[in-house]
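Participant: For reference, the chains in residue letters:
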Amino acid sequence: MKRTLEQIEEQFQTFQIMNEEGEIVNENAMPDLSDEDLKEIMRRMVYTRILDQRSIALNRQGRLGFYAPTAGQEASQLGSHYALAQEDFILPAYRDVPQLIWHGLPLYQAFLFSKGHYKGNQMPEGVNALSPQIIIGAQITQAAGVGLGLKKRGKEAIAITYTGDGGASQGDFYEGLNFAGAYAAQTVFVVQNNQFAISVPVDKQSAAETIAQKAVAAGIEGIQVDGMDVLAVYAATQEARNRAINGEGPTLIETMTYRYGPHTMAGDDPTRYRTDEMDDEWEKKDPIVRFRKYLENKDLWSEDEENEVVEKAKEEIKAAIKEADNTPKQKVTDLISIMHEELPSNLKEQMEEYEEKESK
Amino acid sequence: MAQMTMIQAITDAMRTELKNDENVLIFGEDVGQNGGVFRATEGLQDEYGEDRVFDTPLAESGIGGLSIGLALQGFRPVPEIQFIGFIYEAMDAVNGQMSRLRYRSGGTQQMPITIRTPFGGGVHTPELHADSLEGLMTAQPGIRVVIPSTPYDAKGLLIQSIRNNDPVLFMEHMKLYRSFKGEVPEEDYTVELDKADVKREGNDVTLIAYGAMVHSALKAAEELEENGISAEVIDLRTISPVDYDIIVESVKKTNRAVMIQEAQKVAGIASSVVAEIQEKAILHLEAPVLRVTAPDTVYPFSQAEEVWLPNHNDIVEKVNNVINF
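Line order of the protein sequences matches chains V and L.
Its first residue numbered 1, the first sequence is counted upward by one per residue in this note's numbering.
Its first residue numbered 1001, the second sequence is counted upward by one per residue in this note's numbering.
These are calculated hints, taken from the structure and not from any lab test.
Please note: incorrect hints may appear among the correct ones.
What the hints assert, rightly or not - Cut-off 20 Å, straight-line C-alpha distance, at most; resulting in silico cross-link-like pairs (PhoX-like, lysine-lysine):
| hint | chain 1 | residue 1 | chain 2 | residue 2 |
| --- | --- | --- | --- | --- |
| 1 | V | LYS348 | L | LYS1280 |
| 2 | V | LYS39 | V | LYS293 |
| 3 | L | LYS1199 | L | LYS1175 |
| 4 | V | LYS348 | L | LYS1195 |
Chain L extracted, bound-state conformation (with noise of 0.2 Å):
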């Protein structure tokens, strides 16, 4: 099994749908020769042709729209936003449009695009580059978001994705793009969607986390053991839908839970993720849920970025907060 940075996995899993579907087609800005402005395309397109891997014209909304139009030629459309906050021009053709038109063509044709676009913040970015817009696309029925957080998840989940003949919002942390190395097999294989997974057994308590705030979480994790707490840490993996079965199931066993995410409070996921465990587990909670989230602000310049989002200390101060209840 090779060592592979995330960023590795994601160029890897998009090389084997190349190679395994030939109506898969990868484009964007930047994602030709340059080969993607974080190298997720490098060389994909001198391997498989311009007309397969090419650069677009630099319109997101234009680029939703030219997914949806090739999705109805029978292609597999893999756009790339090149970063989340660019995702806002193409609202429109993303939320308006692709996400809709499985049903608003009466369930006759299907849209199956894997939009790819780095978030997440932590790497000092300009403006509008590191914000966590997932709970925007969350919002939005008939689009699924999945979110890696390890190398193997990311080839496994993307190519999984890829496969999907409904949309699907690929979010790639930049931050994990290059920070760790991981075990990834070079051969085909798929991770499930929709299903979340438990990163780390524990029996005190169940934090819950997507993306970045994963390692977040299991730092915290190994903090709280050295004072005796056990902690289980669930990746979600798909943000929507939630695989509220596995969460549900740890809380029946912990009975307390820290839903963890770098977004606001306002936005992500996590007030519905502790709206659906009351609805699910009430009588089994020994605590109320507690949220690890980043301030109802916009996503600040640089310079404050580190005091602004959520680290494992936020975690090991709520997870106190649960177990001294």
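Next up, chain V with everything else stripped away, as it sits in the complex (with noise of 0.2 Å):
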């Protein structure tokens, strides 16, 4: 029986293209993207990480309320993101807001999403996504059946989920993979392995070496990335969404990365189940210094555009706080109205009930 799970392990080597010191180690899986693309997946980076400060910053003035940091974590949010096309539908965690936005959810929302605010979870039309998702891994049997929906609809486009190590243990992990193997479903799902579900380590979760190795079980295909790497990564997702609309079966990739920060901004402190160092040996494997090294070394890439970036990111979160705080608050009389297409007879008199109330 070990015999066979090593033999297993031993396949799930983890995939790098470019190393923490931005060099390219593996030339052959370097991904067809133009200097402009490279430019813009830095950009996206950057920019998120300016959105992540100041998210921390303004969620401790009391101006957001849940919000999970994603430091550390850009080159896996956003190197798959980038590999998607606008047609193809994400159910993301609470973490991946960064992917949302970039899919084109206008920043107010999200804002107004981490304030508690329904407005932030409405997708404008054309942006096919569902907002966060609280419960862990509960979107991954979601994501299977709009894989499966997309696939009877005849359309080239995936269903992308994410979640975290943590959310690879749990039924509907292992039940969403078996469906949408079993159906051939068109579904990319993506585990951000960030070593920590809240405080319990990865070793904890689980005897296997790799998330990925999961894969096998449910029959798909499975892959563990360097998560730091933003090629890797992107790399990763474009084959698998190409394998999944060319009939090929749903993929899971397992990106290894970090977060830098506390689980959420309401009173996780990492310093209780992370040291100092294994920090520093992530920040070390930085996924925008690496890849900061990589573009300047092609001379696609200087400080004076960075600041161009940092600027933008930063006058556009202004402008976005503003007009989240500007928002209406919600009305009892909204969240009843938008509970039903048409409001049931209990539901009628308690809305009586609140327009009057709240007419006061």
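Got two chains here, each in a separate frame; can you build the complex from them with the hints?
Facilitator: Structure below.
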């Protein structure tokens, strides 16, 4: 038995294209990206890092609500997103707000989501996505359904869903992978393995050497990727997307990454479960630092360009938080009115009650 | 008009909607070639193909999530949960996800999903097949709970549930599947959701019931009539939301009511129906509103189910109590 397991685990070597020094170590796997694409990926990562810093500050000032920091995970989040088309459907977890923003969710709505306003969950027309999932793993079975729906509709698009290493312990994770495999659904599953599910380290989640190998049990493809290497994440997602659309079935992608910040801004203290050494080790792998080196070596990036992105991000964030602040507060009557298509009798009665209360 | 059992009426409703709307998909455990463990989907895969009527892997949470995903692509899923007790496995998918999704998406998405599931006791099933779990589901905002008691209502309510753009839990009492036939039009028709139905008119007491207990109430009403008591029997049909207008109207006429359910006293909807009656019609009441329910234990192993399940004698007894109050 052990022999079989070893044979399987040996096959799940971390896929990398660019090392920590920004050097290409796997030329054959290099994706076909134009200079403009490469620069755009860098812009998005820098912008998102600034957004994270500002969101943390705004949360501390009491201007944002629920927020799950993203710094460290930019390559996993934005590299995978860059491989998508607008028709693709995203089923994100709570940390995956950046992908929604780059898929077309206006920034002020992302802030409204954080502030707990239902308008933050309204995807604009043409933005194919659900709002961030709170229940760990619930989105994974849904992604199998969206992927099957796309296949039945004959669409050249995929469902992509995100979860973390903790999410891979849920029953829904296995059910989702298994359903998608059985139906050859057009679905890509991304597990951002940031090493901790709040505080529990990944080696306490499972005896499996990798999360990627869990694909084998579902009879689907799985790959472990250096999640700090944006080129590798992009290439792996692009291939998985192509396979899904070509009817070759779903793929599980595990990205090895790290969140620099706390689990959320609601009182988590990472010093209780992580060491400084571990933080330092992972920060050396930083996705932005290494991609900057790569771009600078190609003369594609400069400090001025980076500053431009930083300033643009700051300005847009300022305007967006203002817009979010100015959005009228949600009422109980708003809530009642969007529970059903037509109000059932009990809610009709309660609607009248709250209309009166809220008119005072 | 054809004579059909309830199970035939349910199959007929699904066939009707498969034909009417190409977005309707029927799936679940054994619903394909096998036609479902109760034969509710008999022949549908042969008629409409595996693309529209298909088996799923054996995992209820997965079935729930799959339904949500398909609804997000504009389909109208009609999943089957093979027995009500298996819905515990899908509680997050149904209660935590599908019922909340219209709200969670700020009203931009809809979940036109009808979950069909057999429930109810008296047919000697193994454990966790016969429970009356409707109370768990009526406590969940965002999903309707519909329970037919006749073949006619079953077809019309199921068609209307499938056409509704919000989730519906459609609960089919196993004991009613084949126990009698009723007249069912072969053509397409609907029965309105959220509306109760007076199954028997009367003046002295209002009996409120749903599912198999409607038939126990009707039987009790016949017996009571022999003793000169005229009972009105209301079949709720949709139990979330409850049609209180029809109940209150009836209570204003009879001044007495008994609420009957197969579920335990702490479960089901009896307590909330009683509360609502006293809020809306207390000055019309001549006696407390009593409840006929099962005891507050888990559903028993099958040997004990006949003593556990409420029956028409229990109803007659409670009616006598409210009449002689």
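Participant: Take the hints in turn and mark each one as holding or not.
Facilitator: Status of the hints after comparison with the structure:
Distance check on the hinted pair: LYS348/V and LYS1280/L sit about 16 Å apart at the alpha-carbon level, within 20 Å; holds. Straight-line distance between C-alpha atoms of LYS39/V and LYS293/V comes to about 12 Å, which keeps the hinted pair within the 20 Å bound. Distance restraint check for LYS1199/L and LYS1175/L: the Cα-Cα separation of roughly 19 Å lies within the 20 Å cut-off, and the hinted pair is therefore satisfied. The suggested pairing of LYS348/V with LYS1195/L holds, with an alpha-carbon distance near 15 Å, which does not exceed 20 Å.
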